[in-house]
Amino acid sequence: MEAIYLAIPLAPLFGAIAAGLFGKKIGRAGAHWVTILGVAVAFLLSVYVAYDVMGNGNSYNGTVYTWAVIADIRFEIGFMLDNLSTMMMLVVTFVSLMVHIYTIGYMHEDPGYQRFFSYISLFTFSMLMLVMSNNFLQLFFGWEAVGLVSYLLIGFWFKKDTAIYANMKAFLVNRVGDFGFLLGIAAVLLYCETLDYVQVFARIPQLSGANDFKVFEDTKWHIPTVIAILLFIGAMGKSAQVPLHVWLPDSMEGPTPISALIHAATMVTAGIFMVARMSPIFELSDTALNLILIIGATTAFFMGLIGIVQNDIKRVVAYSTLSQLGYMTVALGASAYSAGVFHLMTHAFFKALLFLAAGSVIIAMHHEQDIRKMGGLKKYMPITYWTSLIGSLALIGFPGFSGFFSKDLIIEAVHESHLWAAGYAYTLVLLGVFVTAFYSFRMFFLVFHGKERFDTHGHGHDDHGHHGHGDKPHESPWVVTVPLIALAIPSVFAGYLLDPMVVGSFFKNAIFVNDAAHGFDLGLKSWLSAHLAIEHMSAEYHGVMGFILHGLMAPPFWLAMAGLATAWFIYLKDDSLARWAYDKFRWLHTLLDRKYYLDDFNQNVFAKGSVSLGNGLWSFGERVMIDGFVVNGAAKAVGWFSGVMRHLQTGYLYHYAFSMVAGILLMLTWFLFF
Amino acid sequence: MNIVIAMPEIFLLSTICLILLLDVFLREDCRMITYLLTQVALLATALLAYGAMDGEKTTGLNGMYVRDDLAGVLKISILLLTFVVFVYARKYLKDRTIWVSEFFLLGLFAVLGMLVMVSANHLLVVYLGLELLALSMYALVAFNRDDGRSSEAAMKYFVLGAIASGLLLYGISILYGLSGKLEFAEVLTYVSSQNVLENIPLLFALVFIVAGIAFKFGAVPFHMWVPDVYQGAPTAVTMFLGSVPKVAALAMLLRVLAESMGAAQPGWAQLLLVFGLLSVFLGNLIAIAQFNLKRMLAYSTIAHMGFILLGALTGTTEGYSAALFYTITYAMMAAGGFAILILLGREGFEAETLDDLKGLNERNPWYAFIMMVFLFSMAGIPPTVGFYAKLSIIQAVMQAGYLWPAVFMVVMSVIGAYYYLRAIKMIYFDKPEQTAPIQAELDFNILISVNGVLMVLLGLFPSALMGVCSAAMVASRL
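Respectively, the protein sequence lines represent chains A and B. Counting from 1, position 389 in the first sequence corresponds to residue 389 in this note's numbering; the numbering is continuous, with no gaps. Counting from 1, position 55 in the second sequence corresponds to residue 55 in this note's numbering; the numbering is continuous, with no gaps.
Simulated restraints, written as ranges between beta carbons of each label pair:
| no. | chain 1 | residue 1 | chain 2 | residue 2 | range |
| --- | --- | --- | --- | --- | --- |
| 1 | A | R28 | B | F429 | 30 to 40 Å |
| 2 | A | I489 | B | G467 | 53 to 63 Å |
| 3 | B | N292 | A | F674 | 32 to 42 Å |
| 4 | B | F349 | A | F674 | 48 to 58 Å |
| 5 | B | D29 | A | T669 | 53 to 63 Å |
To be clear, the hints were calculated from the coordinates, so they are not data collected in a lab. All residues carry an ideal CB built from backbone N, CA and C; glycine is no exception.
Isolated chain A (complex conformation) (with noise of 0.2 Å):
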């Protein structure tokens, strides 16, 4: 079995490294294959492996290989499977699998088509070792890998400026996230002197309480609080949360396979799945799990407000995936772990389909993004229609669709929620339904309903000299529509996988919900039901029928109505409505456009900052310190010295006999006199 497991990741890496070391060699078509294959191994066995798990039982936490002990401190790769990393492995294999069979259409113009799929390949190996991973090292090794990818793939098409700007902000704001992320890994080894994620759970109870981590001498912090905190940066950086979300809408420069694969389905939930792993630290502060409502909520709903006044279809997805991102976010903050995991999966399919459906779109317009020179390509295109209408109605959480179960059991998660950011939260995300419709129908009546605004004579994007121009648009290759089709029914029916994984026990191994502290430590705990959300959702759940009929009674669904509603009247039936709210409320409007000033403010103090510090330290303390007086200085003399010692090298031979019986001279007067 553990060869199974070793082969998961493994395969696409073989995949990659075939196709980006011998690209050449195999050409376009042998790179597609040999990384499609790879990957496709990789699901069937995630496949096989999740039945095992799931259906059988048989977990495993093991060690593969020992790669070096330092004073008792094991480095090493392990697996551990239980049913949380089964799932994720069986997202991200599918996902990746779809995106790979898409990127054969998508990129088929493309110079670097066997190095951008030895790069997704790459990428799936990476996601897959930090999905597996039982210990912290190789959890940060899979982090940082997927980052490095990540980054590797923003900036694709290096010659585009705007794309190694991307690039570059990533990689910089990914930067500080994993600064916190490695603070955190360092307390935990620090603290429980192991890096084995069961060693770590065992042990983290422990230090809660009386060996606080000091400060200063009389400020004390509660030592799980901090681990839990730093970890969060790590996932506030990986999971684009506000405030260092401002990397991912720049990402959208990249390939649009990469988008969904990458920016949308996968690496970017790493942050969610790693707080859902690590939950036996988060629950051990109340503090850490405020800070996760807060800045959740905050990035779902105000990233949300950014989508509505987008106008390229990437960004406007992109916006839409901080949104949701917040939204999962939320769900770890009210310890519904549980919820924010099947939201990741539900979520998973529905962006993939959306962003791969924007990218079948973005084919059709010949590269062209801007929404508002599209619109009534629902007849040309009608898989992609059809498709992206399933993927929105799940988004806006439609009921019967999968992002209904997912994002009403959040929503109700912070309902039950009894932390005093719970109500901000809650207030947040209901308000930010009604945003998520509105944008979400928004851009799919701009896209396929009203009128053609589109040019179809005389395109002007000609870079990836597309044929038909001047056509009308058609419908996307069989390889870019399949995908499509293949997203869109789990969007649908995942959904249903409600009533196992969330209401049942499939993550209790796997997740742990400190309903236990309660029973015991009543002072500080006992008004703390919120840990026990789910479960006393779960007290009230009358199978899938009754919780969509519930559903349809609630307040979500209400507003989820009303934002569709809203977009429908302004885009479709009458515009004055915008044009009426954009004079009135410009202000707002420049607010959002100008994405809060955020970016501005980065620009300008930090990186502005760090520039002119460096400017003024390589100025005076490079150049004249250390490189005029240190280096430049040391070498002269020693240059000076290495002359001067030479000429004792005369070449005579009686002054190397000196030099010889001087030396015995010397040393016998050594050992007679001292």
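Starting from the structure of chain A, add chain B where the hints point.
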């Protein structure tokens, strides 16, 4: 009389006599046979030495000779290194119409001398082996007899070598006068009964003996011969001289100082500390001012020998193992480095100056890469083996409580890195001045590639060789 323990030496001596006889009857154009027989003799002797390793320590021939694992490891390294060096040397000799059998026969005698040194259990046997080695070496240095520099170098080497032998013998005689013993175990018994630091005559004996050993290493202040001989000798001889005898020198140090006078460690450690630090200091500094590549490598050798002396002075198993590891790996990289010089030279042209390295990357990227590996390794840059060798020496020195010498070694290594990196810069960033094609035969190419790759592999997985080294030390109770 248990002559079996000297089996490798006896076999080698008989083979040498056979080759000597056979060679007389060979035509000029059949020298290849001599060469092949030489190489076979080396390999067969190595095999015998390997077969003799049984984890036991056996003395014989009236207590004059010893066979143990340490001797086995040293002998095998000497024989294999010589084998490699001879493959490299063949190209040099053939290119220059000095393709004569004397080189190989003298080389074999030198090897025999080294094997005797390695297995000595008696001060006079050490001396015997040393002289056999030295005499063969003098002749080899003068081998290119039409070259004035070659003869000059041989003359200097001979005179200074004679002085050094005299010093060593004088030291041995004082020791004999004090103890009346020459066999290692008996000398040790005597030394152990003395308060070494108070016993002035014993300390004097130590000074002379250590001087003799230091000369063999080429440690400051007995280093003056090294640059002149390295530069004057034909490059093939320099390669031999600069690599294999270092192993024998370490063997002598281990046998004479560590084994027979281990109890006098507080005494000789002071001497080695001074000589070692001076070597590391002067070797690295003067190398910077050298523009002749052979001289630069000579000074770099001096610095490396300083490291070995410092590792050995600790008197601990770790220190001895580190010194042995360092010596073997250094001999490998030195042989490889000189082999590249041989490659760059041709009939009527000796690659000697740094400028000859310029643009090597454009002329042949693979050789350039290998040379870079050797230079990195000499500079001690990871992941090459030179880094690990330096690290383990410094570790041992620190464990023995010599903190400041360790710091000094690190600083000197940094300074030393300069001239290696300068050479690498020339290889990769300068325009070539020579355009002649660089060619070698298959055996040469394979061996130099293996040699280069080994530098990296041993750096990544040093524990295999290190394990052998420390096991040999433990087996010999050092």
